[in-house]
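> Each chain, written out:
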Amino acid sequence: MNVIDLAWWKLALTAILVLLLAATIYLGRLGMTRSLLIAAVRTAVQLSLIGLVLEALFASGSPVWVLLMAVVMLLVAGREVMARQNRRLRGPWAFGLGTGAMFISSFTVTVFLLAVVIGPQPWYEPQYAIPLLGMILGNAMTGIALCLDRLTETIWRQRAVIESRLMLGQPWREAVGDIRRDAMRSGMMPSINAMAAAGIVSLPGMMTGQILAGSPPGVAVKYQIMVMFAITVGSGFGSVMAVAWGSRRLFDDRERLRLDRLTLPR
Amino acid sequence: MEEKPGGLALENVAVGALSAVSLCVAPGEVVCLSGPSGAGKSRLLRAVADIEAHTGVIRLAGEDQTSMPAHLWRRRVMMVPADSQWWFDSVGEHFPGVLPGDELAALGFGPDVDGWSVSRLSTGERQRLALLRALVLKPNVLLLDEPTSNLDAERVRTTERWLLERIRERRIAVLWVAHDPEQIRRVADRHVRLVGAGVEVVHERD
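Chains A and B, in that order, give the protein sequences. For the record, in the first sequence the residue sitting at position 112 is 112 according to the working numbering, with numbers rising by one throughout. For the record, in the second sequence the residue sitting at position 131 is 131 according to the working numbering, with numbers rising by one throughout.
It is possible that some hints are incorrect.
Here are some of the chain B residues that sit facing chain A, going by a computed Cβ distance under 10 Å [stated by the list, open to error]:
id, residue
1, GLN65
2, TRP86
3, SER90
4, ARG133
5, LEU143
Some, not all, of what chain A presents toward chain B, calculated at C-beta under 8 Å [stated by the list, open to error]:
id, residue
6, GLU163
7, GLY169
8, ARG254
Rather than coming from a laboratory, the hints here were simulated on the basis of the structure. As the structure is a prediction and not an experimental result, all values here were calculated from the model. Cβ coordinates follow ideal geometry from the N, Cα and C atoms, glycine included.
So here's chain B without its partners, still in its complex pose (with noise of 0.2 Å):
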């Protein structure tokens, strides 16, 4: 696993259970992570987007995490977690400028979910838009914490499709916590499991 120019790299990673997770991903390549509940797969992702404290190196193109402010790091390393949060009244509040409309057309969405209050919103309405959310402000990497947990198995497959056309198209370079084998086994550049103290490799396509 060599570190990629302008990839993400984790050296001797450790938060709570984990003690040694090194890791790279390139730019524009999916890896897979998996393990049992409580394994520290959300922590790990936390750890990489900086918002949980942690030793050990993280690098972007070779740029170290400390290396910048926080808030810098997390706009080019961004996480979406499980559960979505939103904050304000109206959908389109919690959006930079105008909402891309082909892009809402992808997700399944009409032009006019801007003005819809977000309590009107299904959990997996909500988990959509949260990645849309993510994908409009142009991060260099993404942590997906169980991106599609919360969709019909229909859902699913487009938003991975839309999710892996976004990814090759601007080369992010992408964290994917998942259980489901299937789900690994359609968008996995490679699948890493965490074991222990640290991470083994399942499998890698060529």
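The shape of chain A in the complex, shown without the other chains (with noise of 0.2 Å):
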């Protein structure tokens, strides 16, 4: 496996592009030059520091460090999620719903690739454990999120219909039903869109990077199916737990609707 590395001032070269990209819509008053600039900076320098990380994580190999690693990568991923509710929970389940749904989901998910299917030794092995982690959180991030923000708001919006059905003598699980389905519906799509199109409409990520560091298409393609497989069981497990937990949660012991265990929009 030859990698061409590149050089930092090639890489430079990409930077003028994005810094044309903001000349131009700067002058055409589009209005995205900041956002634009702000996002350009942040991950070149989010990046560069993750690559110090990952380098010293490498070079230790240590399981101390993998798993310091793996828990703060779970802890701002469970941040994300509560960032990304408009109508939280009250109370520490706004942070721990989301948090244990995908500490559950995507920690078996990345053990069970790890010490079954590739077996790497040890199986704990940072150049593996690491980028499959992230990649299966930040799905199960995105789908937990999505899937959250869908229960919580579509609740609120038809409490009236959700108290009539409970009226008409509904169990609460079923005066729900079909929030509950749309929301699993929200938090799953990205990767069953994601697996629908792999490989006519989009060349996935982790694949490409394969092929361009040296691996032979046909492994590259292996590891791409198991990753897909893993990204989609662990946000959906994850959605899966978010909903009936998010759901749960927001009906007390008689199956009353109570509203007043989620904090206003912000």
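With the hints in hand, could you dock these two chains into one complex?
Below is the structure:
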């Protein structure tokens, strides 16, 4: 495997393209210049930093550091899920529910891939563990955030309908049945779309990267299929848990709708 | 106001501004509930249906509200709110099984209402169909929150008659929130008014 290293000055050439775009937008008064530049700087800084972290991590190879890194990733993802909710659950639930769902689904799937499917030595080998966890966690984060947001938002909007259905003697699960299905669909749609479009509309990033790095396409494809399945399973089970716990939390033991357990929208 | 066998009993129920509502409704009896707006009539009904948190004791036929799962309680003690809600596209989907044709006719609907789109219904039609939707589930108690508020005078009378017939025939205990003194005179076996924190009996029919 021989990869052509990129010289920093060549990377700067791509940055010039971004500046060119920014200048065009600015002159055309299209109003995205600021966010574009900020995002471009963020991506350069964040990725450079994570590059340093990963180099250090790979060099040490210690399970403690791998675990620490995984926990940091989980907490950041948990915060992100919370930040994307328009109406959050009150109290520790806001952070705990999404983070818990992500932890159980993503960590289980990642450990399964490492220990059973790929089998590096040792199984927590950071070169495999961290990128895999990153991809699975990132997608689970998107799925869970979408599905929780849809769940709480729809329940809020349809409170009169839900209460009417409760008044007719429907169990709470039935009264929010279609809302739960709807939220589940929101959570799973991105990964299902990605699987459906893979190879035809888009060449997935991981496979592309592996091929650029010199892997035979046959191997890259197998990894990509594995990762797509893992991503779908991770965000799918994560969404199942988020929908189950989230909707349960919005009813009390007398099956009353408890919208007071949601915060006001920001 | 003694608790009748098979009836609904409220003892010191507190919800919102109401702190001590005690009341009994016998099977087949209609108790009309009135009071200034904001007095808590709807909230009281919601508490009886256990949709809203409250304190005090509520019993049906001697069985405590808390002794059974909430949805089973609501199956027996059914509230029909003032503004009816519809969530499927067609009317028929909101009903278990086939809509009873004779009941539809009594309410002034043809048998084809089953396939009607809900968006086609007027507010008054929704209100009458919501009453039917509750009645076909055969509750023991009905909690009606201004059940005829969106109907014209003619429909008010036919709907009242239809409701009273079913109430007598199935011996349903009814708490009926009403404003119109004429309606209260027509339908109520007893009329209680919310005053301050509790209720007072205005009129009792012997």
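> Each hint needs a verdict: does it hold in this structure or not?
Here's how the hints hold up against the structure:
no. : hint   : verdict
1   : GLN65  : holds, 9 Å
2   : TRP86  : holds, 8 Å
3   : SER90  : violated, 15 Å
4   : ARG133 : holds, 7 Å
5   : LEU143 : holds, 8 Å
6   : GLU163 : holds, 6 Å
7   : GLY169 : holds, 3 Å
8   : ARG254 : holds, 4 Å
In this structure, only the earlier hint numbered 3 is contradicted, and the remaining ones agree with it.
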